[in-house]
Amino acid sequence: MNLDDLRDHLCSVYPDLCPLFSVEFGDGVLTVGPDALFSAANDLKNLGFDRLLMLTAVDRGEHFEYHCRLLSRAMSAAITLKTEIPRDRPSVASLVPLWPAADWQEREVFDLFGIRFAGHPDLRRILLPDEWEGYPLRKDYADPRVIRRPDYI
Amino acid sequence: MSGLVWGIVWGLAAGVLIALGALIGVWWERKLSGAIQMRIGPQELGPAGLLQTLADTVKLVLKEDITPRAADVTIFRIAPLIVFAPIAMSLVVVPYAAGFAPLDTSVGLLFFMAVPAVSVIGVLLAGWSSRNTYATIGGIRAAAQMISYELPRTLSVLPFVLLAGSMRPLDIVEAWQWWWVPLLAIGFVVYLISSVAELNRGPFDLPEAESELVAGYFADYSGIRWSIFMMAEYGGLVAAAVFGAALFFGPFALLPGAAGVVLFVVLSAILATVMMWAKWTFPRMRPDQLMGIAWKVLTPMALVQLVLVGAVVPWL
Amino acid sequence: MALDVESRQVVETAEGEVFDQLVVNVGPSHPSTHGVCRVIVHLDGEIVTRAEPVIGYLHRGIEKMAENRTYLQVVPLTDRLDYVGSMYSNWAYCRTLERLADIPVPERAEYLRVIVCELQRIASHMMAIGANGADTGALTLFVYAFDQRERVVELFEALCGQRLTYNYVRPGGVSYDVPDGWIEDVRAFTTEHRSALAEMDKLFFGNTITRGRLKGVGVLSAADAVAWGASGPVARGSGVNWDLRKHDPYSVYPRFDFDIPTGTEGDCYDRARVRLYECYESCRIIEQALAQMHSGSYRTEGLPRLIAPPPGDAYDHIESARGALGIYLVSDGSPRPYRMKVRSPAFCNLALLPMLSEGHMLSDLVAILGSLDPVFGEVDR
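Residue numbers (the working numbering), protein chains in the order written: chain A, 554 to 706; chain B, 817 to 1132; chain C, 2 to 382.
Just so you know, the hints here were simulated from the structure itself, not pulled from any lab data. It cannot be assumed that every hint is accurate.
Unchecked claim - Distance windows between CB atoms, simulated:
{"no.": "1", "chain 1": "B", "residue 1": "Leu-926", "chain 2": "C", "residue 2": "Thr-265", "range": "49 to 55 Å"}
{"no.": "2", "chain 1": "C", "residue 1": "Lys-203", "chain 2": "B", "residue 2": "Leu-861", "range": "31 to 37 Å"}
{"no.": "3", "chain 1": "B", "residue 1": "Gly-862", "chain 2": "C", "residue 2": "Lys-247", "range": "53 to 59 Å"}
The model shown is predicted, which means the values in this text are computed figures rather than measured ones. Backbone N, C-alpha and C define an ideal beta-carbon position, used for all residues, glycine too.
Work out the full structure: start from the sequences and follow the hints.
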């Protein structure tokens, strides 16, 4: 299914999601508000996106960009769910009730970005030790033990 | 007094036999597994690497004998000997030639089956005293396994008592007839499989399963004490092979004098090779499957064999 | 005289029954954890009541490191992700970068990428099957499988001089063209590999003990495989016919005729056997690719050393030996990635371990872990 068909299908089933759909670098993207994330994800799941492929975040300075890629084998289509999470209140709904695959991936995002997932059954650090301080993938993360890489360019 | 002297002599002889068996057995197993696995095996020391095991022995003896701090020291230290001694003892009742067994006793068969069973206690103590979860599980697995396989193993040699009318190994060897081989085929299979299981060798090496329990009950042993465990394993292999060869195939009845002894050695080597071959070919079993085979397959098979022989005996 | 206090846990069931549980710490340094994984196992006798994987022992922060390197300098980092299948990480990264920076790739390079990746699949699956054998005590299978893997690794060494971290697939092509005689060597290998596979099939998968050990152990239903995001042989072993080479075709894969082997039961046996059959399919793909490949340039000439893609983000994935391996790159217009995220199939597959191993025996736990085929360079990143 190409992106136009995907847009048409989405618009016919969920008209309210239609204006949020855009295309970036050949990928369908659905940008929603942080509060509407869970319902949008639920709608996409009902639409046939049965797999959660990847869940991650990007530190954009004043906010975190939440990035969740869903895939449908039946429609052979993928869609990216994006939302902006404010930095001062880094919390968003967990997708574990929809896809158990989100379990470890949300733990990883919590571990490295410090984003809390409301409704996650077991939100703990996963890659780093439990007593680690700070969230390394944040751009403002500073660790005195880290030796800066010289600018070789 | 002379009994004590002979006891010491035969004890030493058994020790030497086991040491030799382990020395050659380890080399042969390494060569055999090498051939099975497209490798060469030891080749540097001595002709065809024959002295490799000797060098390994020297290394093992010189290694530090480590006792874990949390271990129960006394039990930890004597456990290998408790494993080794009964197996060495069992070798003295084996008939090594027509009319010759170091200890000619009227309960030889019972002795050979019952005495090595004592080594279970050593294995259990070794696993328990190490204070290591892996070792404990290994020790408990070993105890369950060795006790279970005692039964089919003992049942598998009982037909000899029926056929020869005696528990004395020399009597059995003397009474041996060629048609015992086809008659006792089932019993031989049960004997071979349960002997391998009794020795905790692959595919029944659950107590020391290196992929789950690392090394099981001897995980914490090193140096000479570890090598005593290895000696016990190879000693058990030798004992199972020589006893099986002497009783099931009757080499002394087939060929007279020295030729019979040569045949006996060859047959023992073949039996030991078959047991090694199984180890390097088959995957390991799971504890429940292992118990299932002992109780649901081997024990009934041995009983069927016993009934079969019992039906034949009155017609002799 | 008792066990350590920490290794005992008294558990009270809902019925008020109190029993001791043994807590065994498997790993992080253990022969069957395929790297540095730690599994905290709660045992009731031999039965696993809870198995909790603890990962992160190999976490090197590759995603963070990538943010401080130029786009080309990241390629060697991707080698260190899945160190049993470096070609895949190279390729997934290069595909994403090529999409982001709009870098063309010559056709010959695409064919070379397909050939090395299918060879890599064989090498990786040989490792997985051999490890499956070693976990269940069949050490001979391990040696047989490693013999085959060694041949692939020798082909790679002839191609790019490396045996483990190849750094072969580069943005815009590959690093070297094939050396003289290499194509004939690959053809000879595929023929020989087929007979070796048949032998392994007979030695291991036909064995009664193997069937008893692996069949019905760690059963993963197709619905669970989809919901948990399982991919690769783990999902296909459960009958989920999903392979990115067929269902999201990339590169020149649509030009080849090959099948996707799937299992029916979703147990350890099916997962391992799917890997074995995939090796046959890889041989088919390699032979077709060698026949179709034309001479030409193996890389795009004139690429700048400092690639600075336009701002934006892109995701692309390929079917690695472990499943859907994706790389997500965010560019802010500078010559360094703003963010790199690896969608690691081994990470997602390993999350299944607690579910699959519950109620099985300790011996099954290592078999299940082996059948998930985790590579901890990729799990921990």
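Structure-based check of each hint:
no. : hint                              : verdict
1   : B:Leu-926 x C:Thr-265: 49 to 55 Å : holds, 52 Å
2   : C:Lys-203 x B:Leu-861: 31 to 37 Å : holds, 36 Å
3   : B:Gly-862 x C:Lys-247: 53 to 59 Å : holds, 57 Å
The structure meets every hint from the earlier list without exception.
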